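> Sequence:
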Amino acid sequence: MTLEIGSVAPDFKLPVDGGETLQLSDLRGKNVVLYFYPKDDTPGCTTEAKDFTAQAAAFSDANTIVLGMSKDTVAKHEKFIAKHDLTVQLVSDEEGSAIEAYGVWVEKNMYGRKYMGIERATYLIDAEGIIQKIWRKVRVKGHVGAVLEAAQAL
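Using the numbering used here, the first residue of the sequence shown is number 376, and each one after it goes up by one.
By construction, these hints were calculated from the structure, which means they are not laboratory data.
Watch out, some of these pointers could steer you wrong.
In silico lysine-lysine, DSSO-like type, Cα no more than 27 Å apart, as pairs [unchecked claim]:
1) K516 with K489
2) K512 with K483
3) K454 with K425
4) K489 with K446
All values reported here derive from a predicted model rather than from experimental measurement.
Work out the full structure: start from the sequences and follow the hints.
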């Protein structure tokens, strides 16, 4: 099943930094930016997390919560957050169930070697749980600004 604009965002219940569990459907009433990234503490992922952190107040003003998701453990997320003073909440999907539900577990190709990994992608979900915008194969530079603009327009 391919997710499209207008689709209901697949629900999930997964651990987040701080050891709590977050369920997407519990966030109804707020818009949600759900961004998927390959791995904590790598250059592109760090830049993206720092960019979302820098715009945290603007997202909050737009009634929007920002969630990052990867297969990294909660412990790795907590180290990543502490190292870079991040304020975005990071979701741990070690089993990959939500990552697969959102269609971002894909075959990648680096230097001729094929492997499975997380495609950098972002979903903007409205307060009713409907996907309003999708960015696939994200390039980090300028991305957060585009996402913020879309969130402010909801």
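> Does each hint fit the structure? Answer for all of them.
Hints versus structure:
no.	hint	verdict
1	K516 with K489	holds, 25 Å
2	K512 with K483	holds, 11 Å
3	K454 with K425	holds, 14 Å
4	K489 with K446	holds, 19 Å
Violated hints for the displayed structure: none, as all numbered hints are satisfied.
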